[in-house]
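Student: Just so we're aligned, residue 1 is where the sequence shown starts under the UniProt record's numbering, counting upward by one.
Worth flagging that the hints you see were computed from the coordinates, not collected in a lab.
One thing to keep in mind: the hints can contain errors.
To be verified - Cross-link-like lysine-lysine pairs, in silico, BS3-like; alpha carbons within 30 angstroms at most:
id : residue 1 : residue 2
1  : K203      : K192
2  : K151      : K179
3  : K203      : K111
4  : K203      : K179
5  : K111      : K192
6  : K192      : K179
7  : K192      : K151
8  : K151      : K203
Unchecked claim - Computed spacing ranges between beta-carbons, pair by pair:
id : residue 1 : residue 2 : range
9  : S205      : P176      : 17 to 25 angstroms
10 : R121      : G61       : 20 to 28 angstroms
11 : Q116      : A200      : 33 to 41 angstroms
12 : R121      : A2        : 31 to 39 angstroms
13 : G91       : R46       : 30 to 38 angstroms
Using N, Cα and C, we set each Cβ at its ideal position, and we do this for glycine too.
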Amino acid sequence: MADIVLYTNPMSRGRVARWMLEEVGVPYDVVYLTYGEAGMGGAEYRAINPMGKVPAIRHNGETVTETAAICAYLADAFPEAGLAPEPGHRGAFYRWLFFGAGCIDPAVIAKALDFQVPPEREAAAGFGSFQRTFDTLEAALSAGPYLAGDKFTAADLYVGAQLNWGMGFNIIEPRPVFKDYAGRLTARDAYKRASALDDAAMKASSAE
């Protein structure tokens with residue numbers, strides 16, 4: 001049995017955690033969970049994550065939930081993978097990793113659900129506005145190949161996964177800099193392996 005267990009569903013943000021694990025390159029076991037009381041909502045899984053959602057990981061007695069936290073944890077736990085800058089040089093890394101969680105994710109979901117923040121209340125919303133969020137991201141990506149310097153990190157993985165998903169569902173405008181960035185990230189071998197594994201799991205689930 002591997003030291004890491006991933007709790008996921010192939011039609012969820014668990015795909016991001018799977019990609020991160022493939023980048024780390026260590027063995028892991030997978031527990032697939034369905035939506036609803038028989039899976040994520042059941043007592044057994046809610047003992048792991050009371051929110052009743054995936055992904056989550058277990059590693060050496062530690063439980064980690066929330067996709068951005070999983071990415072940060074794995075980058076720290078396996079420094080040999082080179083998915084985070086050296087300690088003391090992680091300002092941009094943490095900034096953009098949690099910009100993904102605090103701004104991109106809620107902005108995308110708000111738009112997908114057709115939830116409009118009134119302009120006079122934008123200061124109360126963590127992401128301000130959808131337009132400002134993605135203008136800010138575009139400026140950052142225009143300045144260099146990656147968000148935390150000239151090397152791919154877990155921050156790129158997390159933000160890139162969100163961009164790729166949002167553009168795929170026509171929620172995020174496919175600006176040239178976004179398309180170029182997402183294209184470089186999805187060309188990575190670890191992304192291809194993770195996608196193939198999750199796509200196979202989706203196919204197997206639909207055949208049941």
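Student: If a hint holds in the structure, say so; if it does not, say that too.
Tutor: Hint check:
1. K203 to K192: holds (16 angstroms)
2. K151 to K179: holds (18 angstroms)
3. K203 to K111: holds (29 angstroms)
4. K203 to K179: The given pair, whose Cα atoms are some 27 angstroms apart, holds under the 30 angstroms limit.
5. K111 to K192: Holds - the C-alpha atoms of K192 and K111 are around 28 angstroms apart, at most 30 angstroms.
6. K192 to K179: With Cα atoms ~17 angstroms apart, K192 and K179 stay inside 30 angstroms; holds.
7. K192 to K151: Between K192 and K151 the Cα gap is close to 19 angstroms, so the pair holds against 30 angstroms.
8. K151 to K203: violated (34 angstroms)
9. S205 to P176: 17 to 25 angstroms: With a Cβ separation near 36 angstroms, S205 and P176 fall outside 17 to 25 angstroms, so the hint is violated.
10. R121 to G61: 20 to 28 angstroms: violated (43 angstroms)
11. Q116 to A200: 33 to 41 angstroms: Holds - the Cβ-Cβ distance for Q116 and A200, about 38 angstroms, lies within 33 to 41 angstroms.
12. R121 to A2: 31 to 39 angstroms: Between R121 and A2, where Cβ atoms are some 46 angstroms apart, the hint is violated.
13. G91 to R46: 30 to 38 angstroms: For R46 against G91, whose Cβ atoms are near 36 angstroms apart, the range 30 to 38 angstroms holds.
Checked against the numbered hints listed earlier, the structure breaks hints 8, 9, 10, 12; every other hint is satisfied.
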